[in-house]
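Work the whole structure out from these sequences, hints included.
Quick mapping for you: the protein sequence lines, in order, are chains A and B. Residues in the first sequence are numbered from 9 upward in steps of one, following my numbering. Residues in the second sequence are numbered from 9 upward in steps of one, following my numbering.
In case anyone wonders, no lab produced these hints; they're calculated from the structure. Honestly, I wouldn't trust all of these hints.
A partial selection of chain B residues facing chain A, derived with a Cβ cut-off under 7 Å [as the list claims (entries may be wrong)]:
#1 P20
#2 G22
#3 W162
#4 A389
Listed next, the in silico PhoX-like pairs over lysine-lysine satisfying Cα-Cα at most 25 Å (straight line) [unchecked claim]:
#5 B/K324 with B/K424
#6 A/K326 with B/K330
#7 A/K326 with B/K424
#8 A/K142 with B/K424
#9 A/K33 with B/K424
#10 A/K33 with B/K330
#11 A/K326 with A/K424
#12 A/K330 with B/K142
#13 A/K142 with B/K142
#14 A/K330 with B/K33
Backbone N, C-alpha and C define an ideal beta-carbon position, used for all residues, glycine too.
Protein chains: 2
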Amino acid sequence: MNDSYLNFVNSPFGARLARSLGLPKPEVLRRYRADRPEFDGLIAIGAGREPHLLDALANLVASVGMTSVAHESAGLWVPLANRHGLMTGRFEAAESGSHGRLTALLFDASGIEDSSQLEPLHGFFHDTLRSLGKCGRIVVLGRPPEACATPRQWTAQRALEGLTRSLGKEARRGITANLVYVEQGAENGIEATLRFFLSPRSAYVSGQVVRIGVRAGADALPAFDWNQPLAGRRAVVTGAARGIGASIASVLAAEGAHVIGIDIPSAREALDSTMRQLNGTALAFDIAAPEAPAQIAAALDEQGVDIVVHNAGITKDKTIAKMTDAAWQSVIDINLSAQERIDDALLAAGILRDGGRIIGVSSISGIAGNLGQTNYAASKAGVIGRVQSMAPHLRARGITINAVAPGFIETQMTAKIPLTIREAGRRMNSMSQGGQPVDVAQTIAWLAHPGSAGVSGQIVRVCGQSLIGA
Amino acid sequence: MNDSYLNFVNSPFGARLARSLGLPKPEVLRRYRADRPEFDGLIAIGAGREPHLLDALANLVASVGMTSVAHESAGLWVPLANRHGLMTGRFEAAESGSHGRLTALLFDASGIEDSSQLEPLHGFFHDTLRSLGKCGRIVVLGRPPEACATPRQWTAQRALEGLTRSLGKEARRGITANLVYVEQGAENGIEATLRFFLSPRSAYVSGQVVRIGVRAGADALPAFDWNQPLAGRRAVVTGAARGIGASIASVLAAEGAHVIGIDIPSAREALDSTMRQLNGTALAFDIAAPEAPAQIAAALDEQGVDIVVHNAGITKDKTIAKMTDAAWQSVIDINLSAQERIDDALLAAGILRDGGRIIGVSSISGIAGNLGQTNYAASKAGVIGRVQSMAPHLRARGITINAVAPGFIETQMTAKIPLTIREAGRRMNSMSQGGQPVDVAQTIAWLAHPGSAGVSGQIVRVCGQSLIGA
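Written out as structure tokens, the structure is:
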């Protein structure tokens, strides 16, 4: 579970040795800590023609208490920021050599309607990227291509993906780059998502494309406290005894949720111990058993549940010619079919409350396929289908369904992978290192957030922008 | 343009040396040759519950003249094949150790409605994969998830992607694995696509997912000859003087098309020479010039055009901090905006005839982003947006629009890449080698085929299932 190379090259001696040998030096990623400010430093604002999101961005900047500077492409920002009572300045291109002055770059591309209008994106990132400090944040905002009025606009908005993913690959230094498409009318629903992508919580999430849609109904979001957004919510987490599941339980509890952790009876001791630390509830049974959906429903019945995280999963790797029927079936059943049965039971009985959250765990293998994982990849591709197919059905009840797709995450499981394959998996991403279980957990906490009501039907990779994909 | 390692390890001495040193030995891919049979050998048929496509498959098998064997999962095949007058046998699992007996594996998963019904896929590939010969073909057939009636069915159909991509990664030996989703009602439109995926023409296309939809109108396909499917059609190819463009022109001409090749004036000599060999027409001008759309329209006006291939493209690589405004603008303009202007002119004037084909060239960089290619990746992601946005608009006129996305293709351009990066690009795919320009050209010829009328709005990678993706 330890990336000793990362630690070594960031020690005084190791850093010197790595420099003299020309070895890569992955950044120690800045992660969220309750005892450190989550947002600080200078954010540079850029914009294309007729930006639609600057008002929402001014609210965000005020809310997180950052200081902004306007790039010349965003001439409208200064008077707008002044109206919002924000301290703001102008970005001076002359200082662009000064590394580290900025902590975030935010570009509003929502008004771009034609490929011939993409130039301000070049101007902004050309001028500012070198001034972005270690573990800085890049967020490009656009309109969902498929909702654009004209093919020209769709095309230009779709082009943002190639730009943003390239920025992620060239920025290095622990910097993330993500693209957020905001549907027309969803402007007031972007804060939770932008907070996540600007925060150290998204340390290992890069090269991703997320859509924020208009929530069903025009209701205001339920009230919540940004410091305890899940207060009063109940969250089920499967596979919660150890590893990523325990980390998910821990982060959700830290955000205020009461966690009901489920794991198999043989993991009862670890589960009890994990749940005791979080003041949670432990339920030991096999989610794949035929009676499991009824058991969960019965255990939750009185108070219901707000958040369901389907984290439990297994691997039984073999090439298909050597894979037994039992290995195929058990992986499909535990990783996919059991989740379908449980969700359907909780939904049919109304135990998952309106405004709830379902969060699955897919995988890079489910996206790209993998040698020796026909069963696992099929199950994890199925999780993607589950998310995409259920999202429209759940919309009217205000329930969202999404999945994370982890890449190489440092766990006891990955620690058993042979050294050279492990090192390749660790390094083949824009962070040149594996992620931590908490990176998956924080991404799930964002999807579980009451402010993420407009985010549904999506697959978000937690992979440091892994090279591997489809 | 030469993969000398591939040649070396497939020489008698090199093969021995590679074996003794444990080096990888990429397969010499079998490619289409007019003087060799395109289809031969035994095809094994498998099926899940209630398969909907076996009738269409029986027509296909009869049409290409292959011999089939039915796996036990496809019990319905034998009587059906007999009704179609086909020679057929039963696949004997006992012989499954005998390498190379089969040339293709075809599984009809169209009737699978729940993740609990996926097991026959395991049974079929478990039994047959070892009997599939070098450069064999795997095709899985399903229903488009997004058109499924229930979330359970959508989920199960979506799971096929993870399975198929994993099969591609584990099969090796030059074997390709692809997934074809057939919309309900499109059963009679699958032959051109299945021929392509079963043929040596698709040597470097693997891990892809293609959808065949119902064509607009209920008209029968226009009559064509499988040996000269483009006879009587006129095809514009931009950037046709050399490299991939010349290969595209050559394949389209071999299929019977009259090719109008366009390239910049400085390439006039090469263009004239290429077009002379193909009895084509050479047009030398700059597609990015403001007058180009009118020039092309004027040149084509009398007879119109059936196929437009936007192959012309440039790279001007630099990290964004060092990229000039001119480098950004020229790449966006030539690779993307010029295509939009030309298409719009040809469509507005009705010069692109009903039933026509527009084919763009995207790139793995446009899908995944790439270091130093913010401009190129944005332009190539824009090509994807162009395809997706225009497809529904063009449907009523029977015009399809698609794009290929090449991975590492051996050209004069890639020959200039430094050795270690070139070797990584060449080997990081399921074929362990780069592709040839003809692999891109053959994929375009399939999309241009009159039988591909149900294929539109799609991006098909020609990348040997490159590891790189998003």
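Here is what the structure says about each hint:
no.: 1; hint: P20; in the structure: violated, 29 Å
no.: 2; hint: G22; in the structure: violated, 24 Å
no.: 3; hint: W162; in the structure: holds, 4 Å
no.: 4; hint: A389; in the structure: holds, 3 Å
no.: 5; hint: B/K324 with B/K424; in the structure: holds, 14 Å
no.: 6; hint: A/K326 with B/K330; in the structure: violated, 47 Å
no.: 7; hint: A/K326 with B/K424; in the structure: violated, 39 Å
no.: 8; hint: A/K142 with B/K424; in the structure: violated, 33 Å
no.: 9; hint: A/K33 with B/K424; in the structure: violated, 28 Å
no.: 10; hint: A/K33 with B/K330; in the structure: holds, 23 Å
no.: 11; hint: A/K326 with A/K424; in the structure: holds, 16 Å
no.: 12; hint: A/K330 with B/K142; in the structure: holds, 19 Å
no.: 13; hint: A/K142 with B/K142; in the structure: violated, 49 Å
no.: 14; hint: A/K330 with B/K33; in the structure: holds, 23 Å
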